[in-house]
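Student: Sequence:
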Amino acid sequence: MSDLMYLSGYPEQLQQQVRQLIQKQQLGTWLEKRYPEKHTIQSDSALFDYVTELKNRYMRNVSAISKVRYDSKLSIVHHALGLNVRKAQLQGNKIKRKHDIIIASVFREASPEFLRMIAVHELAHLKETQHDKAFYQLCEYMEPSYHQLEFDFRMFMTHRELMKKSQNTES
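Residue numbering for the sequence shown follows full-length UniProt numbering, starting at 1 and increasing by one per position.
Take the hints with a grain of salt, since some may be wrong.
Unchecked claim - Derived lysine to aspartate or glutamate pairs resembling EDC-like cross-links, with alpha carbons at most 20 Å apart: (1) Lys67 to Glu32; (2) Lys24 to Asp132; (3) Lys24 to Asp152; (4) Lys33 to Glu128; (5) Lys38 to Asp100; (6) Lys164 to Asp3; (7) Lys98 to Glu128; (8) Lys98 to Asp71; (9) Lys164 to Asp152; (10) Lys67 to Asp100; (11) Lys94 to Glu109; (12) Lys164 to Asp100; (13) Lys24 to Glu12; (14) Lys87 to Asp100; (15) Lys38 to Asp132; (16) Lys73 to Asp44; (17) Lys98 to Glu32; (18) Lys98 to Glu161; (19) Lys73 to Glu161; (20) Lys73 to Asp100; (21) Lys38 to Glu161; (22) Lys165 to Asp3; (23) Lys98 to Asp152; (24) Lys127 to Glu140; (25) Lys38 to Asp71; (26) Lys38 to Glu128; (27) Lys164 to Glu12; (28) Lys67 to Asp152; (29) Lys33 to Glu150; (30) Lys87 to Glu109; (31) Lys87 to Glu113; (32) Lys33 to Asp44; (33) Lys127 to Glu32; (34) Lys73 to Glu109; (35) Lys67 to Asp49.
Hints in this document: simulated from the structure, not taken from any laboratory.
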């Protein structure tokens, strides 16, 4: 495999280690051993409760979240795994601000650690809009293993793509 789309920004040494796991057909096994559990947060209302609890625990001073939901078309349309949508509505002489969080439905089948990673990422956008040092410090405050989880999730996505390609060639 010459192209690791989800891992292209990482050092060549790490990419080579992933390529070796793929060549030995051990990437899926490695991921299953490291992340054996699947979470039970399947509905949008359960996802809202989960994200709201994280927000209340780590970001009490940030305004409330209006809506949190899974979206099956998110990664296809926006090339993203999560979105933070800000809306402002004028109601009389007051501006009412709403924050919606949309999470790609691929996280429905992921481990609880990966769901937490994307929830933390989207919550951090409530305070920090850019992917800069302050943003990643906030992510690490809420999830100390944030960077490792993000890398491992990218390996999960790589494995998922390989499985899709394998199934398509068998058909």
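Student: Determine for every hint whether it applies to the structure shown.
Tutor: Consistency of the hints with the structure:
A hinted pair counts as satisfied when its Cα atoms are at most 20 Å apart, and Lys67 with Glu32 does not qualify at roughly 31 Å. Between Lys24 and Asp132 the CA atoms are separated by roughly 36 Å; this puts the pair beyond 20 Å, and the hint is violated. Straight-line distance between C-alpha atoms of Lys24 and Asp152 comes to about 18 Å, which keeps the hinted pair within the 20 Å bound. At roughly 34 Å between alpha-carbon atoms, Lys33 and Glu128 are farther apart than 20 Å, so this suggested pair is violated.
About 25 Å separates the Cα atoms of Lys38 and Asp100, which puts this hinted pair outside 20 Å; it is violated. Taking the CA atoms of Lys164 and Asp3, the gap is near 16 Å; set against the 20 Å cutoff, the hint holds. This hinted pair checks out: Lys98 and Glu128 have alpha carbons roughly 16 Å apart, not beyond 20 Å. Under the criterion of a C-alpha separation no larger than 20 Å, the hint pairing Lys98 with Asp71 is consistent with the structure, at around 18 Å.
Using a Cα cut-off of 20 Å, the hinted pair Lys164 and Asp152 holds, with the two alpha carbons roughly 18 Å apart. At roughly 5 Å between alpha-carbon atoms, Lys67 and Asp100 fall within 20 Å of each other, so this suggested pair holds. As the CA atoms of Lys94 and Glu109 are separated by approximately 41 Å, the hinted pair breaks the 20 Å bound. Only pairs whose Cα atoms come within 20 Å are accepted, and Lys164 paired with Asp100 is rejected, the gap being roughly 30 Å.
Pair hint Lys24 plus Glu12 holds up; C-alpha atoms about 18 Å apart against a cutoff of 20 Å. Proposed proximity of Lys87 and Asp100 is supported: the alpha carbons are some 8 Å apart, at most 20 Å. The straight-line distance between the Cα atoms of Lys38 and Asp132 is roughly 30 Å, outside the 20 Å bound, and the hint therefore fails. Straight-line distance between C-alpha atoms of Lys73 and Asp44 comes to about 15 Å, which keeps the hinted pair within the 20 Å bound.
With a CA separation close to 38 Å, the supplied pair Lys98 and Glu32 exceeds the 20 Å bound. A threshold of 20 Å between alpha carbons decides the hint, and for Lys98 with Glu161 the separation of about 35 Å lies outside it, so the pair is violated. Note on Lys73 and Glu161: the hinted pairing holds, with a Cα-Cα distance of about 16 Å set against a maximum of 20 Å. Restraint check for Lys73 and Asp100: satisfied, since their Cα atoms lie roughly 16 Å apart, inside the 20 Å limit.
Between Lys38 and Glu161 the CA atoms are separated by roughly 19 Å; this keeps the pair inside 20 Å, and the hint holds. Taking the CA atoms of Lys165 and Asp3, the gap is near 14 Å; set against the 20 Å cutoff, the hint holds. Restraint check for Lys98 and Asp152: the C-alpha separation of about 32 Å exceeds 20 Å, so the hint is violated. Annotation: proposed proximity of Lys127 to Glu140 holds, straight-line Cα distance about 14 Å (limit 20 Å).
With a CA separation close to 18 Å, the supplied pair Lys38 and Asp71 stays within the 20 Å bound. In summary, the hint linking Lys38 to Glu128 is not supported, as the alpha carbons are separated by about 29 Å, beyond the 20 Å threshold. Proximity of Lys164 to Glu12 is assessed by CA-CA distance (about 24 Å); at most 20 Å being required, the pair is judged violated. Between Lys67 and Asp152 the CA atoms are separated by roughly 27 Å; this puts the pair beyond 20 Å, and the hint is violated.
For the proposed pair Lys33 and Glu150, the alpha carbon gap of about 17 Å is at most 20 Å, so the pair holds. Taking the CA atoms of Lys87 and Glu109, the gap is near 29 Å; set against the 20 Å cutoff, the hint is violated. Restraint check: the Cα-Cα separation between Lys87 and Glu113 comes to about 29 Å, which exceeds 20 Å; the hinted pair is violated. With a CA separation close to 28 Å, the supplied pair Lys33 and Asp44 exceeds the 20 Å bound.
With a CA separation close to 34 Å, the supplied pair Lys127 and Glu32 exceeds the 20 Å bound. Restraint check: the Cα-Cα separation between Lys73 and Glu109 comes to about 15 Å, which is no more than 20 Å; the hinted pair holds. A threshold of 20 Å between alpha carbons decides the hint, and for Lys67 with Asp49 the separation of about 10 Å falls inside it, so the pair holds.
Checked against the numbered hints given earlier, this structure breaks hints 1, 2, 4, 5, 11, 12, 15, 17, 18, 23, 26, 27, 28, 30, 31, 32 and 33; the rest are met.
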